[in-house]
Structures are given as C-alpha cells and as structure tokens.
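2 protein chains.
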Amino acid sequence: MTSKQPLARFAMVKERHRKTLETALKQGKVDEQMQGLCSFIAGTRGFYTSSCCSGRIIMLEKRGERKTETFFHRKWHRTVDEDELIDGLAEGTSGEVWLKVDPFILHIGCLNIWGANAILAAMKNAGVKRGGIIVAKEGKFIVELQGTERLGAPVKVGRKILVQKEYIKYLAARANALLERNYRRLAKLEQEFRKVLE
Amino acid sequence: MTSKQPLARFAMVKERHRKTLETALKQGKVDEQMQGLCSFIAGTRGFYTSSCCSGRIIMLEKRGERKTETFFHRKWHRTVDEDELIDGLAEGTSGEVWLKVDPFILHIGCLNIWGANAILAAMKNAGVKRGGIIVAKEGKFIVELQGTERLGAPVKVGRKILVQKEYIKYLAARANALLERNYRRLAKLEQEFRKVLE
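Same order as they appear, the protein sequences are chains S and V. Position 195, counted from 1, in the first sequence is what our numbering calls 195; the numbers after and before it change by one each time, with no gaps. Position 116, counted from 1, in the second sequence is what our numbering calls 116; the numbers after and before it change by one each time, with no gaps.
Bound-form chain S, shown alone (with noise of 0.2 Å):
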C-alpha cells in the first residue's frame, strides 16, 4: 500500500477530479448543496468525489422495463411548486410517469482501506445509514453513501392521469419535506466530513 505506482496513480486520479469540479462549479453545474462538500473533499489530501448528486425530485417517463427505455420527463434540484407538478402531467406523455424523490448520492474516492473506513465512521456520525465500498483496490477505493429520503410512484399511463389533483398537491408537499430532510442531512454529513477528514 506504501508503494509509490499506487499513490501516484490515486494522486493522478484525484488531479483529475479536482479539474473536472472546478470546471463544472464555473459552469454551475453542481447543485447548490453539494457545492461545499464537494469543495472540501477536492481541497483534502487523501479524498476526492467522482460523482455527486444532491437529491431531487423527478417525473420519470417508463416506455418500457429497460433503463434505455427510461426518460426524464421532468427534474428539479429543488422543492417545486405543486403547479409545476400538475403542469409536467398535463403535458403529453405516451409511457408511465412516476413521481419521484431520488435522496442524494456521493461517490468518495480514496487511497486505501483506512481512508475509506474513516468516510464510513463519518457516515455513521451524521446518521447515514446506506454506504458502503463499492471499489477496493490497491490505490483506488470508492465509497458509495446515498440518502433515504424517498416517494416514488406511478401518477399516469398513456394518456390517463391516475391520481386527482388534490392528491398531487399532497405529493408536492410531501416531496419537498422530504428534499428538505434530504438536504439537511446532507448538511450534517458535510460537517462531519470537515471534522475528520485531512
């Protein structure tokens, strides 16, 4: 593990990383809660994050039971207006729409097995509860940890509408509380992050 091919190529990694951040945050490409984790974890030594995404909801188009048959219908980084809801089913879809709230997903890289246990012991400080590595090799170790705030169902199919529109503004509130638990979750994580992490 103290061999220097490995280091260098996790330093390498991490190089590019950091690049990739830095152009994505000029373009605003990173959503506004992650932007500050995301910028601690490039600025440590020992960590990078190769993907982020901070949770959002979302009206997922199914034309059948493949990924490549799944569209986005609509996405926000956001809480949305119940409007915005009612407005995305009204316009034409031919699949199934679902209603979704994805929680926020981070993948953290690092040099070895102590620096990965150190992102599961932070994990598990900020009240995370599903995480784990998902790659453990010599000089490259990814951490997944993903949020579980959750809503998910189907509200149409073909042209039918399956839910009224009281029900749909429930759903609109109840997705933005849980973005809402999402993100402040997030929050603490990132906090922990900064406590530990070198």
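Mixed in with the good hints, there may be bad ones.
Treat identical chains as interchangeable: a pair holds within one or across any two.
Below, computed lysine-lysine pairings styled on BS3-like, alpha-carbon distance capped at 30 Å [stated by the list, open to error]:
no., residue 1, residue 2
1, Lys140, Lys26
2, Lys188, Lys62
3, Lys140, Lys129
4, Lys188, Lys137
5, Lys26, Lys188
6, Lys67, Lys188
7, Lys62, Lys165
8, Lys62, Lys124
Calculated from the structure, these hints are not laboratory results.
We have chain S already, so just place chain V on it with the hints.
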C-alpha cells in the same frame, strides 16, 4: 490477515450464524425466496449471511419522523391481492400510512477483502446495482447488497384515504410486478454466487 486469531474469530461468528439460520429455517422464519441462497452461503467455507429479507410489500404507519414512531400496519413477504390493500386502508390508523415495496436486502460476512470483492463481482454479474462493503476490519468484512425495485407513497393520513379505489388496484398490480421482478433478480444473484463462492 493470515494470523490465527482473525481466522478463529471468523469461524466462530460463521458457526453462530449457521446455527441461527438452521433454527430460523426449522421455524419457517426465512422467506421462501431467500432459503436457497442463505443455505448455500452457510455451506461455503468462507462466507455467512448475518441477515436477509427477500423483499416485501408493506403498509407503514408514520406517527412522527423518527423510526421509533413508525409501525408496520401490514406486511407481506409475497404478492398481494388488491382487496388486502383495500382492507388494510379501511382499518383504523392515526398517522400517515405509506404503501411501499421494499427490495431484497442481504448482509454477507467474509474473512477478508478478497472474499468481499468476490461478492461484489458476483453482484455485478447478476445485475444487482446497489451493494458495498459496510464493515472492513481484519477478520470481519460485511457486504450489504440491496435490490432496486421500489415503490413508496402516502395513501392515507389520519382517517382520510388520499387515493381512489381504482388507483389502489393499479398500485397493487404494480407492486406485485415489482416484487416478482425483485425475486427474479435475487434468483439470478443466487445463481452467480453458486458459480464462484466456495
């Protein structure tokens, strides 16, 4: 990693989980779709399962935001009849009731990182997308694997049923289809495990 202590500890923990599984199987407490996989893993030399659920359809009553304020109103480890959902909704509850499909979840213990990586490789071959090493200590590696077939939305709050009967019937059919798909993925995972684990 080759010192005797971790090996002995691993063997002890594996044996304890083997006995727990044996008792649970005798008492009919292991989900039918999980029995083959768990029994196979228990028979390997290098792996054990510490907990597993093959997936389920549930009605969850949330009386508050904390986990201790959440109660199972109904729980099925099988597909459901639409009338079972309608009956469940009719029965008195006071909080917010969610209808949910939870995918399978599985914890596999292994001696070391090579074992954990074998699990992750088999997982990928089976097309299971969520899984990672959640404990990484000498002599104790735990991999968590989870399916991705989910559904979850509030359907009742206080005494008020939020959705119409037609929609509940649609959700019942959809939940059943998701659970069946989840079972097929689990069967594929067992197949991949049987190819490579010893």
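These are the hints, each one checked on the structure:
no.	hint	verdict
1	Lys140 / Lys26	within (27 Å within a copy, 43 Å between copies)
2	Lys188 / Lys62	between (34 Å within a copy, 23 Å between copies)
3	Lys140 / Lys129	both (23 Å within a copy, 19 Å between copies)
4	Lys188 / Lys137	both (29 Å within a copy, 26 Å between copies)
5	Lys26 / Lys188	within (25 Å within a copy, 44 Å between copies)
6	Lys67 / Lys188	between (32 Å within a copy, 18 Å between copies)
7	Lys62 / Lys165	both (22 Å within a copy, 23 Å between copies)
8	Lys62 / Lys124	between (35 Å within a copy, 23 Å between copies)
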